[in-house]
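Peer 1: Take the sequences, apply the hints, and build the full model.
In order, the protein sequences belong to chains A and B. Take the first sequence: its position 184, counting from 1, is numbered 184 in our numbering, and each next residue is one higher. Take the second sequence: its position 116, counting from 1, is numbered 1116 in our numbering, and each next residue is one higher.
Think of the hints as simulated: they come from the structure by calculation, not from any bench. Honestly, I wouldn't trust all of these hints.
Distance windows between CB atoms, simulated [claimed, not checked]: (1) V189(A) to R1176(B): 25 to 35 Å; (2) T266(A) to S1131(B): 44 to 54 Å; (3) S130(A) to F1115(B): 20 to 30 Å.
Far from chain A by the CB rule (all over 12 Å, computed), these chain B residues [as the list claims (entries may be wrong)]: (4) N1035; (5) P1091; (6) N1109; (7) A1117; (8) Q1123; (9) N1138; (10) R1171; (11) P1217; (12) L1225.
Glycine included, each C-beta is placed from N, C-alpha and C at the ideal position.
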Amino acid sequence: MACVIVLVAVIAGAPFVLNEGFLRLATECLLLLTMAQMWNLLAGYAGLVSLGHQVFIAFGAYALFLASGWLEVTPIWVLPVAPLMAAAIAAIIAFPLFRLRDAYFSIAMWVFAEIIGAFTMKSQAVGGTSGMPLATSKLIDFDWFEPTMFWLAGGLTLVTIAALYKMMTSSFGLGLMSVRDNDLAAMSVGVDVRHNRLIAFVLSAAGCGLAGALSFMGNLFIAPLAAFDVNWSVYMMFIVIIGGIGTLEGPILGVIIFFGLRELMTGPLGLSGGWYLVGLGIIAVVVMIVAPRGIWPALRDRLGVRLLDVHRAAPRPAAGTILPSTSERVTG
Amino acid sequence: MIWVETLINGALLGGLYGLLGIGLALVFGVMRVVNIAHGEFMVLSAFCAVLLSNMFPQVSPLLMLVPVIALSFAVGWLYQALIVNRVVTSPDPLSPLLLTFGVSVILRNVMVEIFGADVRSLQVGELSRASLEVAGLNIGIMPLLTLVLAALLFMALQLVLRRTEFGRIVRATADRRDIVRLSGVKPDRVYNYVMGLSLALGAIGGVLLAVRSSFTPFSGAERLLIAFEVVVLGGLGSFWGALLGGIALGMAQLIGLKIDPNAGLLYAHLLFFIMLLIRPSGLVSSRV
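Peer 2: Here's what the structure looks like:
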């Protein structure tokens, strides 16, 4: 609890200490952390790898830009349309997509994102390939714009992590993780696999929609090539894989490495963004081969630290009964 | 008449798409891995062909296929031996997917940095413009040759897998990786050859596609998506199904381009998505 208060105080006070460049970077970090947590909810807990998650980012962002333009209100007041729009789309496309498993699901998501991207580029109502500016940007108070964006991003990140922690320690989370670990065994004890996956998918889409809307609101401009960029999925995936898939701490560590490496390679080392992605990719591939569960779980086991752990111990057998030795690990 | 011509050209393009899919289908059929980097390897082979034909301008670019195929086989062998084999037996079916996706990102960005993001294409001179006039229809020689080559390769692959010792070993490894060890087969070694073969087939598709249309280092993603759609539409593990799937996608794309000149691959993607809704098992359901 004390920890939460400190974090809230840090986020509330940061805009008064940091300069504008740092604040923008921090906002970007926090939004990408939220997206990575959402991707992790789907991949690490529900076992569904999406390579087309950029479509939800784009849906959220476009919904915000359009709604703000139509209603002529400050974009902040219409922020809720972004997660609602992304969640509604996710709930609809879940029906065809959930018939597919593993790699099929992943690539079908990607194809879906490509189709929506192509239609967006054709639609003149949203500016076609050249995109559109935020119509209501004149209503924004620019003295407080950067701090507000940072507070929104920080608040979203805190709420996301707290909600995920709460969820994973609840029976819903246990059901989700049991499906990931062994879906046959989970079904046999009455876990509704399809229902759990659907909820995770819809929540994950909603979170990405909101984070995407905030990200493009900060730019005051949206274009389909940026919104439907497959690199969104690449970033989310690399952050989760490097940090630790299926843990809440992993994406936090992943985001630190992601931005640390970016600032180092494109700053002091003077390398281009392409080489940065190559470097990040090499780290991800090496991590997948050497420590398939990611850096955080490997560190945690070596150091014995527990931060946001949702680990449960197996129930102790009652005295006198002899049970075959079972695996103690319920969650990762 | 113009529509008949479009359909025929779509079918010819489909032969090429079948070639894109077959390498992916082979790897998936044998080791249950979808190699997400397949498209990037195809683009890489196209870059190799362009580099070679710049170095030896007097040799026909199509002859460059020979060294490029050999190189791709070697690259595939090493790629499998050094990287993919380490996760192929992972209990988590998502590991190979994530790993090959990581490799595709690395390859794409290395190509951007080395070759630049410019649009390239492979020039084969007169041959690309030559065409046949049959019953009032204009049919390109190059697409026709491509379809014939695709059909021949499909037949050859089928023969190799059905009739040869190597084919028997590959099929046995695909069925029971653990049991073939009893007969002295090393599954990892078999996988190396299969990945080599897959990338060699991909190289043929990649180079021929580079003759047909231009490419950039970012073209790998759309090549992978087409290859994947071919495999799924054709039904898993069915080589002739892959050819049929390719033809369906080729026709959808060219009809789409007739209706809307800047549609790109949109109509091929739409056909795939609709087929997924009404027939998830593919056009043809049979096994290797």
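Peer 1: With reference to the structure, classify each hint as holding or not holding.
Peer 2: Hints, verified against the model:
About 31 Å separates the C-beta atoms of V189(A) and R1176(B), a value consistent with the hinted range of 25 to 35 Å. Between T266(A) and S1131(B), the C-beta spacing of about 49 Å keeps the proposed range 44 to 54 Å intact. Look at S130(A) against F1115(B): about 27 Å separates their beta carbons, and that is inside 20 to 30 Å. A beta-carbon of chain A comes within 12 Å of the beta-carbon of N1035(B); the shortest separation is about 10 Å.
Interface exclusion of P1091(B) from chain A breaks down, the closest Cβ pair being 10 Å apart, not more than 12 Å. Remark: the non-interface label on N1109(B) conflicts with the geometry, its nearest Cβ contact in chain A lying 4 Å away (cut-off 12 Å). A beta-carbon of chain A is positioned within 12 Å of the beta-carbon of A1117(B); the least distance is around 9 Å. Consistency note on Q1123(B): stated as away from chain A, and its beta-carbon is indeed over 12 Å from all of that chain's, at 27 Å minimum.
The beta carbon of N1138(B) sits about 29 Å from the closest Cβ of chain A, which is more than 12 Å, so the claim that it is off the interface holds. With a least beta-carbon separation of about 22 Å from chain A, R1171(B) lies farther than 12 Å from that chain, consistent with its non-interface assignment. For P1217(B), the non-interface assignment is contradicted: its Cβ lies about 9 Å from the closest Cβ of chain A, within the 12 Å cut-off. Its closest Cβ contact with chain A, about 6 Å, brings L1225(B) to no more than 12 Å, contrary to its assignment away from the interface.
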